[in-house]
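Undergrad: Start from the sequences, fold in the hints, and give me the full structure.
Heads up: the sequence shown begins at 1 in the numbering used here, then just goes up one per residue.
Fair warning: there could be bad hints in the mix.
What the hints assert, rightly or not - Just the calculated beta-carbon pair ranges, DEER-fashion:
1) R56 to E119: 33 to 41 Å
2) R56 to N113: 15 to 23 Å
3) D90 to S55: 33 to 41 Å
4) D59 to A129: 22 to 30 Å
5) G125 to D59: 18 to 26 Å
6) S63 to G127: 36 to 44 Å
7) Q3 to Y57: 17 to 25 Å
8) K5 to P51: 26 to 34 Å
9) D59 to Y139: 17 to 25 Å
10) A96 to A70: 30 to 38 Å
11) G141 to E97: 27 to 35 Å
12) R73 to I53: 16 to 24 Å
Hints listed in this document are in silico derivations from the structure and should not be mistaken for laboratory results.
Virtual Cβ for every residue (Gly too), placed ideally from N, Cα, C.
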Amino acid sequence: MSQIKRIVLDANILIRAVLGEKVRSLLECHSDHVEFYTPEQCFNEAERHLPVILSRYQDIDVSVAMDALARLRYIVQSLEPETYTQFEQDAKKRIAERDPDDWPVVAIALLLNCPIWTEDKDFFGIGIATWQTQHIQIYLG
1 MSQIKRIVLD
11 ANILIRAVLG
21 EKVRSLLECH
31 SDHVEFYTPE
41 QCFNEAERHL
51 PVILSRYQDI
61 DVSVAMDALA
71 RLRYIVQSLE
81 PETYTQFEQD
91 AKKRIAERDP
101 DDWPVVAIAL
111 LLNCPIWTED
121 KDFFGIGIAT
131 WQTQHIQIYL
141 G
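TA: In structure tokens form, the structure reads like this:
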């Protein structure tokens with residue numbers, strides 16, 4: 001019997017899942033044996049950034065992108081701060097010098113004892129396994 005894997009997603013992975021096919025496909029393909037998590041703030045961050053990103057492109061409808069982001073909630077579990085605040089201090093120590101706003105992603109990884117999926121180099125070297133999309137298939141199996 002194989003064990004369910006877990007991984008925490010950064011906001012940039014949510015955005016990539018909306019805008020591209022590779023990340024969305026990986027999430028859908030592995031959702032039966034991998035649990036995907038993110039802090040609610042990452043969904044909020046993606047909601048703020050998507051319209052700005054999409055304003056550069058005439059052929060992509062913002063409402064379609066927002067619907068795609070909303071559908072990700074069926075695959076990616078968002079966690080509220082009260083779930084992971086007991087790890088806030090440790091998380092902030094690890095990420096403070098790089099991007100202190102990312103502490104919730106780190107806190108959830110500490111809570112669940114699992115890696116982080118991100119394209120953000122701020123997470124590298126903080127004592128938590130970190131995966132980028134180009135290699136994530138190795139972890140997902």
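Undergrad: Hint says 17 to 25 Å; check whether the CB-CB distance for Q3 and Y57 agrees.
TA: At 41 Å between Cβs, range violated.
Undergrad: Note whether the CB distance of D59 and Y139 lies within 17 to 25 Å or breaks it.
TA: violated, 33 Å
Undergrad: Between R56 and N113, does the beta-carbon spacing fit 15 to 23 Å?
TA: Given range 15 to 23 Å: violated, Cβ gap about 39 Å.
Undergrad: Do S63 and G127 keep their Cβ atoms within the hinted range of 36 to 44 Å?
TA: With a Cβ separation near 40 Å, S63 and G127 satisfy 36 to 44 Å, so the hint holds.
Undergrad: Measuring from beta carbon to beta carbon, are R73 and I53 in 16 to 24 Å?
TA: holds, 19 Å
Undergrad: Lying within 27 to 35 Å: is that true of the beta-carbon distance G141 to E97?
TA: holds, 33 Å
Undergrad: Between G125 and D59, is the Cβ distance one that fits in 18 to 26 Å?
TA: Roughly 39 Å apart at Cβ, these two residues miss the hinted range, so it is violated.
Undergrad: Note whether the CB distance of K5 and P51 lies within 26 to 34 Å or breaks it.
TA: holds, 33 Å
Undergrad: For D59 and A129, compare the CB-CB distance with the range 22 to 30 Å and indicate the outcome.
TA: violated, 37 Å
Undergrad: Determine whether the Cβ-Cβ distance between R56 and E119 falls within the hinted range of 33 to 41 Å.
TA: violated, 18 Å
Undergrad: Mind checking the hinted window 30 to 38 Å against the Cβ distance between A96 and A70?
TA: holds, 32 Å
Undergrad: Take a look at whether the Cβ-Cβ distance between D90 and S55 falls inside 33 to 41 Å.
TA: Because 38 Å falls inside the window, the suggested range holds.
When the structure is compared with the earlier hints, violations turn up for hints 1, 2, 4, 5, 7, 9 and for no others.
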